[in-house]
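Chains as they are written, first to last, in this note's numbering: chain A, 1 to 153; chain B, 1 to 153; chain C, 1 to 153; chain D, 1 to 153.
Everything labelled a hint here was simulated from the structure, so no lab data went into it.
Careful, some of the hints might be misleading.
Stated by the list, open to error - Facing chain C, a subset of chain B residues (Cβ under 10 Å, in silico):
{"hint": "1", "residue": "Leu21"}
{"hint": "2", "residue": "Leu79"}
{"hint": "3", "residue": "Gly94"}
{"hint": "4", "residue": "Ala128"}
What the hints assert, rightly or not - Beyond 10 Å from chain B on every Cβ pair, some chain A residues (computed):
{"hint": "5", "residue": "Ser13"}
{"hint": "6", "residue": "Lys53"}
{"hint": "7", "residue": "Pro57"}
{"hint": "8", "residue": "Ala61"}
{"hint": "9", "residue": "Ala68"}
{"hint": "10", "residue": "Cys101"}
{"hint": "11", "residue": "Gly102"}
{"hint": "12", "residue": "Val103"}
{"hint": "13", "residue": "Asn108"}
{"hint": "14", "residue": "Asp109"}
{"hint": "15", "residue": "Thr112"}
Cβ atoms here follow ideal geometry from the backbone N, Cα and C, with glycine treated the same way.
Next come the chains, spelled out residue by residue.
There are 4 protein chains.
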Amino acid sequence: MDEIAEIVHRLQSEYIPGLTLDQCRESVLAVLDKREAQHALLTGIALDVLAEKDLLPDPLAAIVKSDAPLYGVDEILALAITNVYGSVGLTSFGYLDKCKCGVIGKLNDHSTGRVNTFLDDLVAGVAAAAAARLAHQHGRSFVVDRDARPAEG
Amino acid sequence: MDEIAEIVHRLQSEYIPGLTLDQCRESVLAVLDKREAQHALLTGIALDVLAEKDLLPDPLAAIVKSDAPLYGVDEILALAITNVYGSVGLTSFGYLDKCKCGVIGKLNDHSTGRVNTFLDDLVAGVAAAAAARLAHQHGRSFVVDRDARPAEG
Amino acid sequence: MDEIAEIVHRLQSEYIPGLTLDQCRESVLAVLDKREAQHALLTGIALDVLAEKDLLPDPLAAIVKSDAPLYGVDEILALAITNVYGSVGLTSFGYLDKCKCGVIGKLNDHSTGRVNTFLDDLVAGVAAAAAARLAHQHGRSFVVDRDARPAEG
Amino acid sequence: MDEIAEIVHRLQSEYIPGLTLDQCRESVLAVLDKREAQHALLTGIALDVLAEKDLLPDPLAAIVKSDAPLYGVDEILALAITNVYGSVGLTSFGYLDKCKCGVIGKLNDHSTGRVNTFLDDLVAGVAAAAAARLAHQHGRSFVVDRDARPAEG
Numbered sequence: 001m002d003e004i005a006e007i008v009h010r011l012q013s014e015y016i017p018g019l020t021l022d023q024c025r026e027s028v029l030a031v032l033d034k035r036e037a038q039h040a041l042l043t044g045i046a047l048d049v050l051a052e053k054d055l056l057p058d059p060l061a062a063i064v065k066s067d068a069p070l071y072g073v074d075e076i077l078a079l080a081i082t083n084v085y086g087s088v089g090l091t092s093f094g095y096l097d098k099c100k101c102g103v104i105g106k107l108n109d110h111s112t113g114r115v116n117t118f119l120d121d122l123v124a125g126v127a128a129a130a131a132a133r134l135a136h137q138h139g140r141s142f143v144v145d146r147d148a149r150p151a152e153g
Numbered sequence: 001m002d003e004i005a006e007i008v009h010r011l012q013s014e015y016i017p018g019l020t021l022d023q024c025r026e027s028v029l030a031v032l033d034k035r036e037a038q039h040a041l042l043t044g045i046a047l048d049v050l051a052e053k054d055l056l057p058d059p060l061a062a063i064v065k066s067d068a069p070l071y072g073v074d075e076i077l078a079l080a081i082t083n084v085y086g087s088v089g090l091t092s093f094g095y096l097d098k099c100k101c102g103v104i105g106k107l108n109d110h111s112t113g114r115v116n117t118f119l120d121d122l123v124a125g126v127a128a129a130a131a132a133r134l135a136h137q138h139g140r141s142f143v144v145d146r147d148a149r150p151a152e153g
Numbered sequence: 001m002d003e004i005a006e007i008v009h010r011l012q013s014e015y016i017p018g019l020t021l022d023q024c025r026e027s028v029l030a031v032l033d034k035r036e037a038q039h040a041l042l043t044g045i046a047l048d049v050l051a052e053k054d055l056l057p058d059p060l061a062a063i064v065k066s067d068a069p070l071y072g073v074d075e076i077l078a079l080a081i082t083n084v085y086g087s088v089g090l091t092s093f094g095y096l097d098k099c100k101c102g103v104i105g106k107l108n109d110h111s112t113g114r115v116n117t118f119l120d121d122l123v124a125g126v127a128a129a130a131a132a133r134l135a136h137q138h139g140r141s142f143v144v145d146r147d148a149r150p151a152e153g
Numbered sequence: 001m002d003e004i005a006e007i008v009h010r011l012q013s014e015y016i017p018g019l020t021l022d023q024c025r026e027s028v029l030a031v032l033d034k035r036e037a038q039h040a041l042l043t044g045i046a047l048d049v050l051a052e053k054d055l056l057p058d059p060l061a062a063i064v065k066s067d068a069p070l071y072g073v074d075e076i077l078a079l080a081i082t083n084v085y086g087s088v089g090l091t092s093f094g095y096l097d098k099c100k101c102g103v104i105g106k107l108n109d110h111s112t113g114r115v116n117t118f119l120d121d122l123v124a125g126v127a128a129a130a131a132a133r134l135a136h137q138h139g140r141s142f143v144v145d146r147d148a149r150p151a152e153g
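Using the sequences and the hints, build the whole thing.
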């Protein structure tokens, strides 16, 4: 959890001066409180665990165990989390998925024998959503501060 | 606005006993308060208006004016609104877009000379999002009532 | 398979005069040949089967078995199939998911003891994709016939 | 066009040994031949041009001209292009959108007075789609070579 908050901090601290790790942690918790996020996490983690226990049918077992690059269901589930805070999280998600920063890189390490095909993408999805949530809050309060109006529309 | 609330009421009243039009209206307003929805609406309505005033370049002008069935940008913008309340709104959006219920059908009437290529889809997107929001609220409070726990996760 | 082709025929025959069931069947096969569709189908069907055999962990097991209305992962996987032929399939997918036409209604029948939480949506996704594929082909050849130009761009 | 092919080459050459710039160029052309891509490009470029000519209504004009970070419609249109080759392109898109590699960085340069709010994202979307297309082709022929079977399903 703290490791996800650190990724969120790295993503957003250049845009939001004075952003604290506590604010990032609170944003991650808010994402995890969303039903859409919970469903995607429950489903993806179950698929990882079932692959590890050899309970998935073939050829799905082989695809999930090898984290086959053309298998896109892990990205799709992760994106369902990111999308809850709108399209501005897409960029962060893709970036995290490519750079494998921080804990995401550890999860993506295939030498451990553990299957984390879904988990690394889901963590990236949660971090991108939490960053997007902060961006929206910051954007909104900035507008309010400057213009004393409730919103931009 | 009231016409959108009526569509939401029709979509959700069979699932939520005692749902009032006021609750639907409040849910539509909550959707319209989302920045993602405001951006999609501003963009889509501007494209309709510019098409009507012959300010779009060709061939885009002809495509938007004729509401060409293979032009999917109107659906994409509308879906960005629906997605803010998760994937459960997708079904309602597709259904509304096909049945052209209520005000959506009036907006889709091509005989008036007005260009509403984007507006009919955007209204369907707002209605589907407002219905999904009510479904989430209802689902959540239902779980709370039964289990006396704050959430399902 | 023939039942999916019939749904496609019902969706598109009003737009494409002279559309045959064979053309619909061929379009369904083309969708099923796409890797994106295969991955979504393998994953969703495995989740249904594992739920039926009581091999999913809780609370996911209960969610999938009851086809909980706020669980959106089934729609997300189905939409990944539909999206391969662009956003024009979204409307058909939502419509099929709501009307539960033909074989989709049979699959959605919860009285049989079988778990088809994913399968009914996946079938709707395949049918919507096959219909979108025909719409694209028809649109394209229509433009070619009329204008003797290769495409609209 | 050659600049987009170079980005595709940079994205995929580590995964596909012997990939040539000509193959990348051919893949970009295949993406541009897709109706979904053409519609997204026509719409996004029109919005950039209209913003530059001060023909957009407020507040949309200000939002598009400033490439406001919370405006997500540009990403949404670009993603519609990427999605045509499935979810594997999402990661590349996000990465390109963040790193602003090559021509994308030049387009995103706000000091020129030109409005490229949509164009930089659209170019990233085309490049990500062309890279995903190559990945699919490579994956598929790899499977065929090894197994002498038409597909992995």
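Now for the hints, and whether the structure bears them out:
{"no.": "1", "hint": "Leu21", "in the structure": "violated, 22 Å"}
{"no.": "2", "hint": "Leu79", "in the structure": "holds, 6 Å"}
{"no.": "3", "hint": "Gly94", "in the structure": "holds, 1 Å"}
{"no.": "4", "hint": "Ala128", "in the structure": "holds, 8 Å"}
{"no.": "5", "hint": "Ser13", "in the structure": "holds, 22 Å"}
{"no.": "6", "hint": "Lys53", "in the structure": "holds, 23 Å"}
{"no.": "7", "hint": "Pro57", "in the structure": "holds, 25 Å"}
{"no.": "8", "hint": "Ala61", "in the structure": "holds, 26 Å"}
{"no.": "9", "hint": "Ala68", "in the structure": "holds, 24 Å"}
{"no.": "10", "hint": "Cys101", "in the structure": "holds, 26 Å"}
{"no.": "11", "hint": "Gly102", "in the structure": "holds, 24 Å"}
{"no.": "12", "hint": "Val103", "in the structure": "holds, 21 Å"}
{"no.": "13", "hint": "Asn108", "in the structure": "holds, 25 Å"}
{"no.": "14", "hint": "Asp109", "in the structure": "holds, 27 Å"}
{"no.": "15", "hint": "Thr112", "in the structure": "holds, 27 Å"}
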